[in-house]
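Protein chains: 2
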Amino acid sequence: MSTRREAVREALTTSSGFRSAQDLYADLRADGSKIGLTTVYRALQALSDAGEVDVLRTDEGEAVYRACDTESHHHHLVCRVCSTAVEIEGPTVERWAAEVGAQHGFTGVTHTVEVFGTCAECSRA
Amino acid sequence: MSTRREAVREALTTSSGFRSAQDLYADLRADGSKIGLTTVYRALQALSDAGEVDVLRTDEGEAVYRACDTESHHHHLVCRVCSTAVEIEGPTVERWAAEVGAQHGFTGVTHTVEVFGTCAECSRA
DNA sequence: GGCGAAAACGAAAATGGTTGTCAAAATTCT
DNA sequence: AGAATTTTGACAACCATTTTCGTTTTCGCC
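Residue numbers (my numbering), protein chains in the order written: chain A, 1 to 125; chain B, 126 to 250.
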């Protein structure tokens, strides 16, 4: 486990929302780090493979990452203005997805669920 | 409404799963059409703006399209092998997403839900 | 049918996020 | 210390998508 990867992990942890690889690279450089973009991508890939961060895609196809509090399966409620994300759990959805899959004879059913909105704070502005 | 756009729409309609722009381009060329890649992209953009097709992103960030039977809000159960998609509705999820958003003070809540699995036919193989 | 304006087309170039290459630098092992 | 291994980062390569721009087609109108 290298220092660089730790740096990326920390940059992610200190942020409350989803960040893109390019964002993180910019953050790290701004903090004086001499890290390279390639390394940021590699670190994110490794962290994501290890299941230590969640990944999803923006509507524009950009990959965004987030270090989550829990490693168990969960979803996110993301503010579309400030990108802050709240981790949410939904036994309801889990059950629903499994049922729907089973009804149609599908096996190995998984699902992706993301909820977007404008958070209370950003709504006020 | 041009002929080209119709061709793209039809190429989509005759397919039961999600197809990428490049896939459709290949299909159309294989059928002898002299359509350009640019036009395929433009047609898909237009159709998607008009709400006539659904768009989502693969894990690799590629945009995939599908002409759906209903124009109302719905989700998909997609086979991860043959990419066939079944349209599904879920009052349960709709309600859940709205509730979760409201509980955290979010406004203008929307959501994306996709369910993946291996369809009955592909499971057999 | 002919004409001109406007919309649609398509080839090629530009863009932008992401991945591959490879030599240099850092770390580990002995 | 010295060799072997891993990590790193500058740069080039990729690839889906978008932009550019000159050409072609379509449409409304005479």
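Keep in mind the hints are simulated off the structure, nothing from the lab. Check before you lean on any hint, since a few could be wrong.
[What the hints assert, rightly or not] Incomplete in silico selection of chain B near chain A, CB under 8 angstroms:
#1 Gly176
#2 Gly186
#3 Ala245
[Stated by the list, open to error] Covered stretches of chain B, going by a simulated chain A footprint (3 or more residues, C-beta under 8 angstroms):
#4 140-150
#5 154-161
#6 219-232
Even glycine gets a Cβ: it sits at the ideal position worked out from N, Cα and C.
Notebook entry, point to check: Can you list which hints this structure breaks, lowest number first?
Noted result: Checked against the structure, the hints that fail are numbers 1, 4 and 5, while the rest are satisfied.
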